[in-house]
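**Q** If you're matching them up, the sequences are chains A and B in order.
Heads up: the first sequence is residues 11 to 843, going by this note's numbering.
Heads up: the second sequence is residues -12 to 360, going by this note's numbering.
It cannot be assumed that every hint is accurate.
Stated by the list, open to error - Not everything, but these chain A residues come out facing chain B in the computed CB check (under 7 Å):
1) VAL501
2) GLY518
3) ALA522
4) VAL529
Unchecked claim - Simulated restraints, written as ranges between beta carbons of each label pair:
5) A:TYR201 - B:SER292: 20 to 30 Å
6) A:TYR201 - B:PRO284: 49 to 59 Å
7) B:ASP172 - A:THR306: 29 to 39 Å
8) A:VAL424 - B:ARG192: 36 to 46 Å
9) A:SER65 - B:PRO284: 40 to 50 Å
10) B:ASP172 - A:ARG553: 14 to 24 Å
11) A:LEU606 - B:PRO284: 57 to 67 Å
12) A:THR700 - B:ALA171: 52 to 62 Å
13) B:SER292 - A:LYS505: 33 to 43 Å
14) A:LEU210 - B:ASP172: 19 to 29 Å
15) B:ALA171 - A:LYS603: 12 to 22 Å
16) A:PRO634 - B:ALA171: 44 to 54 Å
17) A:GLU20 - B:ARG192: 51 to 61 Å
To be verified - Listed next, the stretches of chain A that the computed footprint assigns to chain B, with coverage defined by at least 3 CB atoms under 8 Å from CB atoms of chain B:
18) 16 to 27
19) 217 to 229
Note that these hints are calculated values from the structure, not bench results.
Even glycine gets a Cβ: it sits at the ideal position worked out from N, Cα and C.
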Amino acid sequence: MRVPLSWLREYVDLPAGETGRDVAERLVRAGLEVETVEQLGGDLKGPLVVGEVLSIEELTGFKKPIRHCFVNVGDANGTGEPQEIVCGATNFAVGDKVVVVLPGAVLPGPFPISARQTYGQTSAGMICSARELGMGDDHDGIIVLPPEFEPGTDAIELLQLVDEVLDIAVTPDRGYCLSLRGVAREAAAAYGLPLADPALLDVPPANSFGYLVKVADPAGCDRFVARTVVGVDPTAKSPIWLQRRLQKAGIRPISLTVDITNYVMLEVGQPLHAYDKQRVEGPITVRRAEQGETLTTLDGVKRTLSAEDLLICDNSGPIGLAGVMGGASTEILDPAAGPGTTEVIIEAAHFDAVAIARAAKRHKLPSEASKRFERGVDPEAARAAAQRAVDLLVLIAGGTAEAGVTDIAAPHPVRTITIAADLPDRVAGTAYGRETVTRRLQEIGCSVAGADILEVTPPTWRPDLTDPYDLAEEVIRLEGYDNVPARMPNVPPGKGLTEAQRTHRRIGVALAGAGYVEVNNYPFLGESAFEALGLEPEDRRRRTVKLVNPLNDEEPALRTTLLPGLLGALRRNVGRGNTDLAIYETGTVFLPKDELTVAPRPAVDHRPSNEELAELDAALPDQPRRVAVALAGERLPSGWWGQGAQAFWADAVEAARTVARAAGVELTVRQGQQAPWHPGRCAELLVAGTDRVVGHAGELHPRVVKALGLPARTSAMEVDIDLLTADGAEKVNGPAVSGFPVATQDVALIVDAAVPAADVEAALRSGAGELLEAIRLFDVFTGEQVGEGRKSLAYALRFRAADRTLTAEEATAAREAAVAEAVARTGAVLRGA
Amino acid sequence: MSAPNKSYDPVEVEALKPEVVEQARDEAVAAFAAASTLDELKQAKVAHTGDRSALSLANREIGALPPHAKAAAGKLIGQARGAVNQALAKRQVELEAERDARVLVEEAVDVTLPYDRAPRGARHPLTTLAERIEDTFVAMGYQVAEGPEVEAEWLNFDALNLGPDHPARSMQDTFFVQAPDGSADSGVVLRTQTSPVQARTLLDREPPVYVVCPGRVYRTDELDATHTPVFRQVEGLAVDEGITFADLKGTIEVLVEKLIGGGLELRWRPSYFPFTEPSAEIDLQCFVCRGESVGNPDRPCRTCSSEGWIELGGCGVVNPRVLVACGVDPNRYSGFAFGLGLERILMNRHNVADMRDMVEGDVRFTLPFGMEI
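This is chain A alone, in the form it adopts within the complex (with noise of 0.2 Å):
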């Protein structure tokens, strides 16, 4: 809502230097969100005066063309001689009025003005367009007045175009700021100052010779008000100072009969709707829609109607969408184009908030109408309303009001609301006293009774305010937010994080500390990221959580894994000259249960059953949150020290163990296959002791790196952290440290190249008994010393006994004993043997 200050004056008697600044910040305060104070004509300097114009001497030659004119603008010269001025338009005549800027002057930009030579003649000033005097935008030729002025007034003045606007963004619970009415009503209270309410008028009681109109639907149509004015004089213009609070309030002027409408909408919040009564055949009827009948709208657009809709009808049919928008068969006629309309209805009704919200977003059509109805409008402002538009046609149009008014009415059940006068104090959390809650009700339109309990009506205007809470708010927000006292509540002693969050920050942190940044992307994915990823078209991860209004159509889904937005940051990091990345991402991924059901919509006046609460858990997908890697180019980067290390598969493999390290959990590491893995360089990652598999880490497989122009050997790995940990994590127990010598002996073992060193270090491991304390693989060897299709794994045991110095026989005979149980195991044979 745009608020000109001028205008707001004219019903809040605002000191006289309050700034727009200032009394945005008062309104502020008072909790209306003015995002903007608009400085309209700020840097504007005259003289700015109205000119008629004398002569006009086309000029030729030129692409465009370019009018030599001698304009009478009075004695603002300062000689009283005809003003020479060049000008490019040509939407003006001999003899008209117009407005003219003076050498000296300073037009919004700012732009200032001085006597030049072009086109080979002297302009000494301008003659303006509306758009080069900053009044709107929607019209580029200059400005023809009223011919009623006089040559050389003041033409700032006369177009009011100095003033401060207010814009302010209304929350839905404050339908009625959506007017000049009820945005004044707040500055009163604010400033405490008396409100001059533009809705108090004389209004002549309804009677039986109105227009006939028929409401079919009092639940949709609660109040119907319909004047009617003959004699409307259609070429009477808008008058300056109407046009000029419309354009400065954000509405393009029109035509007369719908700049009143518009006017008086905006002054007192009651959208009103003008019909060409000759064009209205028979009685007026308001009804639901019949499935299936059309309408074509002001807007030129044929529209389908849903039974929901509800209507403005006559003999020939639907005329309007109610509260939305009037149809074009009524339409009030543009005398250029014909004959001009010279007989009004006027319409100013009262619609269900509903029906006119689910109406405006059904037909994709937000008006200035619907606006305010599915926020609320004053029912009883209706007929001042009316009263006012039927006021300004008679008074600027020359035409006749009708002596029948029209005025059907609903009943209206009084709404009392009872609250204990401390009510306020107790939601606050300060004193305020019976008489300052009384007050500041009362200042806001309701009338009070009572004492400890407090019997309140709300105005007609705030249908916002339904229970005591309501009223609370109003009280405090009237003595102002800031002088409600600061303090802290007294929180019982908490438990600190639970194990699975401090689980979730430690891993973040271990794989930070291992040299992974960490990323955050969308969701969102379609199917060709499937498709990069090489899944099987059964793959269980195509099965997602779509969306039903995705941003981007091909991107519907949800991810079920977080691959393809991890593998999108690296390859817009690779884009950007980021070579060597290693990145890290946890976040959930959506998996759809097996059963798709649709989650209830339990009654909110109480708590929904557990069997209810559990349909709604029932009906969302499986969210589990996972953790993935990708790296790429150099893991170890090389320099002066020496060469570095390239990114591969093992270090995907180790980003894992570094999480379940984290989450304190021990892996089991295995051979795999899996999309969008190398078929060879795939590691399946399971919970030791289980079958449980969490993940999977490893090389890309080349097509995948191929489609998604990926650097060579891109490594990824991704675990389910909830898999993961859920059986918690193991206990450890401190480890007897022996302060006795170690005895270390090395064997290198031959095996099958296929035999996985996993299992040859466990067969060691358990074939060498508790006397060793460690073992390392420290290095793999295949050659033709091996032997084709055979590899040489070397190993060093480090032996140690907790209560003695080991003989040498000892550490050999378990060293011979793990390569037993190796050679059983894994058929290795002891390399030099």
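Starting from the known structure of chain A, fit chain B onto it as the hints suggest.
**A** Just chain B, lined up with the frame of chain A:
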């Protein structure tokens, strides 16, 4: 070399004459002193203490002396050799010290050489900012609560006093999840706020409830410098006996002081949220210009767009209808709730000009934030 000879007169043995022995001793001491390297000292050592040195040869003559002369000769030689060895040891120590000093000089390096061999990692500042806020509340005694991002409409809207036709429901542009039949009537959305976690918490446990709920939320905004369709909130909820707006103000003041620093004014603007009543927007005095840029075109402030205030978030006293829908007795309990947008706080606290930098995952953006902010 002479063979032992019992009848030999020691006086007649040239090598054992005191002046000869003294000369040999002096020559040795002089040679050691003259040695300028450990190698030269080694050569001098061989020459003057080796088997063929004068003193060694003299020593052998002692065996051939008559018994009465042996003691005196032995003493003579012994003293001489003692002096020689002492001189040798002393010089050895000196030369070794010289060598060690030289080696350390030679081993000197350029300690300014750059070294980035260990890869650096970092956590995303939005993650660590959320943790900082969580920690502030955990220290007060709050619990951290989490909930699903794909959420039931009932929990995201209805339970929070946003009925199906509530105008505020269209304020939040919601992503709707497809129903099994492909329609929009699944009753499931991408949560538009973390408030459903508050509802879940109230449904789940008896008051007193003190929780903070961090998480990702979704609205159908296009990504630009100041909007992102996926963003993060931290919400707080306190429900207990006697909770008031004053408790909310005190709590937010503590949070702001911990998060941004003290001495800044807060502005509490009345606002509207269906789930709180009264509702407020909290503005923080701009910590860059402290309001001095307002109406002062010569000193524009980028942080607050010369408005003097930075919007922190929304809050209010929990609407009793929310308590009712969640099974909490509003006659006994009351509460407050607040919600903060982390992206905006990060932008303000760390001068981030463009929100896209937070979502695109460029490692150059995240690295400087390290492990904690």
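**Q** Against the structure shown, which of the earlier numbered hints fail to hold, in ascending order?
**A** When the structure is compared with the hints, numbers 6, 12, 14, 16, 18, 19 turn out to be violated.
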